[in-house]
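Chains A and B supply the protein sequences, listed in that same order. Quick note on this note's numbering: the first sequence kicks off at 1 and runs consecutively. Quick note on this note's numbering: the second sequence kicks off at 1 and runs consecutively.
So the derived list for chain B, only partly shown, Cβ under 10 Å to chain A, looks like this:
1) Arg-78
2) Asp-91
3) Leu-92
4) Asn-99
5) Leu-101
If you anchor each label on the Cβ, the simulated ranges turn out as follows:
6) Glu-120(B) to Pro-173(A): 43 to 49 Å
7) Arg-231(B) to Glu-11(A): 53 to 59 Å
8) Val-236(A) to Gln-57(B): 28 to 34 Å
9) Lys-18(A) to Gly-11(B): 47 to 53 Å
10) Ala-71(B) to Val-236(A): 31 to 37 Å
11) Glu-123(B) to Met-176(A): 43 to 49 Å
12) Met-176(A) to Ala-112(B): 42 to 48 Å
13) Leu-174(A) to Gln-57(B): 28 to 34 Å
14) Glu-53(A) to Ala-112(B): 57 to 63 Å
The set of hints was computed from the structure by calculation and includes no laboratory data. Note that the Cβ used here is the ideal one computed from N, Cα and C, for glycine as well.
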Amino acid sequence: MSAPLALRVVEHEAQVFKRFWRGTLFGYVLNPLLYLAALGFGLGSLITENQGEVAGLPYVEFVAPGLMAAAAMQAAAADSLWPVMAGMKWIRWYHGMVATPLRPRDVYTGSVAWTAMRAGLGATVFLVVAALLGAIPSAWGVLAIPSAALTAAGFAAMLAAYAATQEVDLRFPLIMRLGILPLFLVSGTFFPIDQLPGWLQVCAWASPLWHGVELCRASTTGMLEAVDLAHLAFLVGFLWVGWLWGIRSFDARLTA
Amino acid sequence: MSETPLIDARGLVKRFGDFTAVDHLDVQVQPGEAFGFLGPNGAGKTSTMRMIACVSQRDGGALSVLGMDPATEGSAIRARLGVVPQDDTLDLELTVRDNVLIYGRYFGLSRAETRRRADELLEFVQLTDRRDDRVDALSGGMRRRLTIARSLVNQPELVLLDEPTTGLDPQARHLVWERLYRLKRSGATLVLTTHYMDEAEQLCDRLVIMDGGRIVAEGSPRALIDRHSTRDVVELRFADEHAQHAALARLEQVGERREVLPDRVLVYTADGDADVERLTSDGPHPESLLVRRSTLEDVFLTLTGRSLEE
Ligand SMILES: Nc1ncnc2c1ncn2[C@@H]1O[C@H](COP(=O)(O)OP(=O)(O)OP(=O)(O)O)[C@@H](O)[C@H]1O
Ligand SMILES: [Mg+2]
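Go ahead and model the full structure; you've got the sequences and the hints to work with.
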């Protein structure tokens, strides 16, 4: 019963999305163009000149999947903090939902699922743009789409669960600046994590984004290995823990 | 009771921290009834309505709605309820029509069926000409009407309305009353809260007056007036406090009960006209004098007091 009910929430989100999909899609195209031009090709040409390949790859091929996973994480974070506060407190449409057969957990699950779907759409556009720019050497690259979506789902689940515990959005900018941004920088997005000092490497292992980046990179380069199952398992675990928290925090908030 | 009540609350309790908002409430609502909750701000009306609507967990007592327990069968109960919450929960980003459409989908209705009902309901609350506007652009009263329309999309057996007409202009208020009356005639059970005594008198077969989380009176509007007030009320205003004070002794001799307010004196009496005749023949000369029938408002103020409670 839970899945179909959550789908009704997805339908709501899609209905809202219909109103501004053009702008969103434009952003999805612009984002990889800018990042790949600046980092993949701009910075990348410097790196190639001085050092040659990074982790056995031309830099643009190395950085593209990293950026793809990171974009999914950032989109998920932005979609899961303020919009949840709006649904709970500012505009309160969540309260309209839970006055129907939908339960708080359906509202939560549907919102997270939608965020993951949107991130998947963003990742698809990213992949197409990157492929056109020659940054995706392998057809296995399509597997990077679900990998990015799963990464996004994990962050969405965790952050939406957290947002539902907050009365005001005071801490949200801090989460973006002190949580999401550092992860973006040290999760193997721009350089292999073995370049990091030892203690930061340990941090990177704990970073869900790193596991997402590794999965995406293994896909787009066609170098999937057994270890990627461990990355997959980590991301599934991250999503599961977030979800367990979220169904509780949404329930507590919406049935007070 | 021959029929099983649609709502059966016994010893219902709602707490927020140490504060008890609903304090061992007993209420039964029968099928087909229009039932009202009256009470001053903070009396616990919304808290009670939210528990009945299965969107707020009770902290004590027993509650059954449509024969089921909200604690375990909330989803199934809500499928058959229509809810107009005190604060609107509309989707501001969506159009008027889309708000009703998506709501129908929450109830699992087919798209075609929802479309048909949406058009009908928007007609019902006279919002058809605004159907393609974003809710953002609607006035408060229009939003209220949209909320009412939306709550009916699942053709509910039981409709819960928390201050349905607050913020509506008189035209819209009469429109809503008329619609609710029609709804009731079609067999729906209505439960509403209101601060408008005329609304309660018009719509409710039976009501309770709540104060501090408890019920202080229960009955039909007529029965409540008969029980807690006199038939008539005489209102006398005096030129100043001095004149008012001087008149009090004489006023003691008429009516059943007096209430002295800063700006006037109320005399509760079985026969206002007779009393006025006696008073004007000899006695105090009020600046103005009014005889009227007792209303629910007199009952309300008598039972819950005139001062604003903290
Ligand atoms: N979420 C909450 N947290 C803490 N206290 C609350 C909460 N909701 C209601 N209360 C308190 O419970 C009491 C009853 O509130 P409720 O909203 O049920 O009153 P009401 O009768 O609907 O009043 P009004 O006529 O103003 O709508 C109030 O004292 C209110 O402050
Ligand atoms: Mg209220």
